[in-house]
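K.L.:
What follows is the residue order along each chain.
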Amino acid sequence: MGSTEIRRMELGRELRALAELSAPGAPEPRLAAAESFRRRRSSRFLGLCLAAGAALCVGMPLAQRGFGPRPGLAGTLASGAASEVAAEFAAAVLGPRAPGPAGLDAEIETYLVALWDSD
Amino acid sequence: MAKEGVEGEAELAARAGGGDSAAFDELARRLWDRIGRYAAAAAAGDPELASRIAQESLVRLHAALPRFRGEASLGTFVYRVCAIAAADAFRRLARERRRLGPLPEEEELPSPEPGPEEAALRGEAAAALRRALGRLDEGERALVYLKEAEGLGVAELAESFGIPEGTVKSRLFRARAKLKAALEEEGYGID
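Same order as they appear, the protein sequences are chains G and F.
Going by the working numbering, the first residue of the first sequence is number 1, and it counts up by one from there.
Going by the working numbering, the first residue of the second sequence is number 1001, and it counts up by one from there.
Keep in mind that a hint or two might mislead.
[Claimed, not checked] Below are the SDA-like pairs computed for lysine to any residue, each with C-alpha atoms no more than 25 Å apart in a straight line:
1. F:LYS1169 - G:GLY12
2. F:LYS1169 - F:GLY1123
3. F:LYS1178 - F:GLY1162
4. F:LYS1180 - G:GLY25
If you're looking for bench data, these hints aren't it; they were derived computationally from the structure.
Just need the whole structure built from these sequences, with the hints factored in.
P.N.:
Structure below.
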């Protein structure tokens, strides 16, 4: 500053004006709900997949003992878990108008894909 | 804010916390201005960072609403969520910067050049304030903002930040002194 002149600033008013000026645009509550859901359910879905894996591991010794293999057990359990999570997701994010996983909006599908990918 | 509006928001919060997604949509729209301004203040006027903080606040609000019992006011509950979201955003930013290394001519905190809109609207004062805010940490900025611009009292600030009232007073004193000194370097005194 070359000048020593002190200008006065009404702090509260200027802070509010600056905040209003740089505040973000419209909210995205559905994406927020989807992300919240993904974080909450992600660990449980992982748990279900691990349970499926564990079940398969249990199945193998059984097969070795002559009780017969259990093909696709992990896949079946994981698929069931996925359907359950998808339905719960649709209900949590879209509410009563949830059209079912097949008709989910593209933006919600993105989160479903992220859910599967992350787990 | 009208009393009726406050009651409406508390009702919406209760329904949203119970899993009513339409109530959450409506609540998010009603709270968005407050969340957005908080985020912008915490981000020292960086629009991109403000946007990240605000959206993260919504995500955390959705997760936290089932725990809202109405013991605190919804306003302080929301600001508490925002404070956690902002702290998280700054931790992530610090991690990203550690990973990528320092940027050329990096400043302490994001402080982009003001755009033409800002220059037209607020001019030098806004730019000086933004630079001065960049000298505070995000918690100090949020504290000063809520006190000076939103008019929260010490008790409400203590509730919002989950700290004792005495700590609020001392942090506020230090933050205001830092801001005052930074603004004086810019040629501004504060009222």
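K.L.:
Output the numbers, in ascending order, of every earlier hint that fails for this structure.
P.N.:
Violated hints: 2, 4; rest satisfied.
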